[in-house]
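**Student:** Chain by chain, the residues run as shown.
Protein chains: 2
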Amino acid sequence: MKSPTRTPRLEDVAQLAGVSSATVSRFVNNPQVVAAETGKRIRAAIAQTGYVPNAIAGSLATSRSRLVSVMIPDISPSVFNSTVEAMIDELTAEGKVVMIGLTGPDFARLGAQVDAALARQAEAIILTGPMPDEALNAKLRARSTTVIQTWGLPEEPLDVAVGFSHAAVGEESAAFAIRRGYRRAHLVSTVGLRAERRRDGFRRRWAEAGLPDPTQELFPIPLHFGHGRAAFRTMRRMAEQPDLVVCSSDWVAQALIVEAQAAGLRVPDDLAVLGFGNMAFAAEMRPTITTVEIDGTRIARECAAMLRQRALSQEIVERRIDVGFRLVVRESA
Amino acid sequence: MKSPTRTPRLEDVAQLAGVSSATVSRFVNNPQVVAAETGKRIRAAIAQTGYVPNAIAGSLATSRSRLVSVMIPDISPSVFNSTVEAMIDELTAEGKVVMIGLTGPDFARLGAQVDAALARQAEAIILTGPMPDEALNAKLRARSTTVIQTWGLPEEPLDVAVGFSHAAVGEESAAFAIRRGYRRAHLVSTVGLRAERRRDGFRRRWAEAGLPDPTQELFPIPLHFGHGRAAFRTMRRMAEQPDLVVCSSDWVAQALIVEAQAAGLRVPDDLAVLGFGNMAFAAEMRPTITTVEIDGTRIARECAAMLRQRALSQEIVERRIDVGFRLVVRESA
DNA sequence: CTGAAAGCGCTTACAG
DNA sequence: CTGAAAGCGCTTACAG
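Chains A and B, in that order, give the protein sequences. Heads up: the first sequence begins at 484 in the numbering used here, then just goes up one per residue. Heads up: the second sequence begins at 484 in the numbering used here, then just goes up one per residue.
Some clues are possibly wrong.
Listed below are the simulated DMTMM-like cross-link pairs for lysine to aspartate or glutamate, each with C-alpha atoms no more than 20 Å apart in a straight line [as the list claims (entries may be wrong)]:
no., chain 1, residue 1, chain 2, residue 2
1, A, K523, A, E494
2, B, K622, A, D495
3, A, K523, A, D495
4, A, K622, B, D495
5, B, K622, B, D598
6, B, K622, B, E639
Hints in this document: simulated from the structure, not taken from any laboratory.
Hey, can you work out the whole structure from these sequences and the hints?
**Tutor:** Here is the structure:
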């Protein structure tokens, strides 16, 4: 049962405290500029009325929304998860509100979500998805809203970018596999630019070592457990069995391991498996999964730092921040 | 590089179209009340300026924020995941913006997050956590903000509630286990009211069947994979080995299965395992996991429906909606 | 169908 | 240190 008592405003507090609403506003936003005695009366009035400032009115008056929009394809078993959680934590701590835009796995609703963010005067839009199309680019460029591209690290960011090089991930995975002595690699990944960059990096390094071109199977985004099963079936039908499968996600890696074990293969002796994402479970399965870790917390922190810089000066020194990645070597490869 | 061109306002569009800003506002919110000819000119002006309405100003003018706050403990491998995704989908489709408040696993920041939501004039606050304390209750009751308690289904909701009965989950799990012929149950769950209700329900039914009181181990929230390992170790040290472990999460169930298999036990023949949550992987592991499914999409849909009702009439017919749950019987028990 | 004008609840330069 | 007042960009009852 909601009681329809009117929500208290600044003015209500002011009357109760016997001051002007301007003074209450100052006290709320900057207590030390108000005389101690006055402050005490205002504090009491706020407690008595249960006043909570109306941030909508505040935002309108200052033209600062404190809203940051984060665009992600989806939530559930997503590799973006920890990054998003870290973003919410970081930005909330700075008094921002984080609005999550779910664009759908194929980013179909990206345009609509950007409009929603702009309508709410988002101070920044953080894109984890692929580059928006040219129309969207133009719209974003015309605004003062900060646009941060994350995960992928475009050569020429729309505005600023924080991420890592997918090509480098591919290359370093290949270098590791070569050192380990694997010779027949099979790549399981997704359509789309990012995964393609990783595959290309892998292939380049692999070819440099004089190894036979890897076989591959691509799935639509997002990858899930079931794709690992399908990939295993395909793989078993191949003329020559690979000794290493490189997966675009830990989920797929885990599914492949489960299937391989069920088929009597030993991992990694008969078949090695490399994952991507270093999700929490990767360290816990049997065998534990060798994978690539992206430091989502670091990405979130750099994003927050960029926003702070922008707030202070509109001048961002470094427009591209490479947070790198880490190959986490465990048992599966 | 951001170009600092001024963001277009309603007035800019109006001048370009040669009408008043009121007319543009009408066109934007309710096109059919404007003459077709006028509409055409306005549409052109909007396209030319790239105008996006300022939702902050709109919210202030109408006192409708379209903001809905969802409070969850955390994101990563959480059982709340699909529910939250469904909420975002449902509410976004109705033109709302969803603000996610991360309260921390122990809900420590719930009070602060509620204040943030109220400050932004959230139209509704959706709580997945435990009942807030009395001070928070009072603050929420005094506001016209709709408060929806989800997951758990309190006897006497603060405002309205959508969820299921934890006690019933416990009872039905026990009934199932009894039918299956298990006799020595071990419960692995968390401290806190909800898990306790499930345990109590289980025990009640178990005792009715004349079976020996289940043993148990409790962990702090949130449960994760590692707890399953720890639980298995504890279990192995027990004088009498259980034939069934009932887990508060699929993650724990999966970890137990992995450990049991590594120790040479067959699941479910030597040890049966029951999970909770029906996370995507539960259907994919070997053995697949028998678990309890909560329909997060249904919960989200009912929440959205309640908000629609409230918007129309302030009268909500049903204050408690029980969405039930489903025991998904697979291989692990 | 359209316009002039008041109002939503704040913030902040300007005076004092 | 404090107050009066303008302004943030919309919406909407009221007139016409």
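**Student:** With reference to the structure, classify each hint as holding or not holding.
**Tutor:** Okay, the hints, checked on the actual structure:
Between A/K523 and A/E494, the direct Cα distance comes to roughly 17 Å. Compliance with the 20 Å bound is thereby established for this hinted pair. A hinted pair counts as satisfied when its Cα atoms are at most 20 Å apart, and B/K622 with A/D495 qualifies at roughly 17 Å. For the proposed pair A/K523 and A/D495, the alpha carbon gap of about 16 Å is at most 20 Å, so the pair holds. Taking the CA atoms of A/K622 and B/D495, the gap is about 17 Å. The hint holds against a cut of 20 Å.
Distance restraint check for B/K622 and B/D598: the Cα-Cα separation of roughly 9 Å lies within the 20 Å cut-off, and the hinted pair is therefore satisfied. A hinted pair counts as satisfied when its Cα atoms are at most 20 Å apart, and B/K622 with B/E639 qualifies at roughly 17 Å.
In terms of the numbered hints stated before, the structure departs from none.
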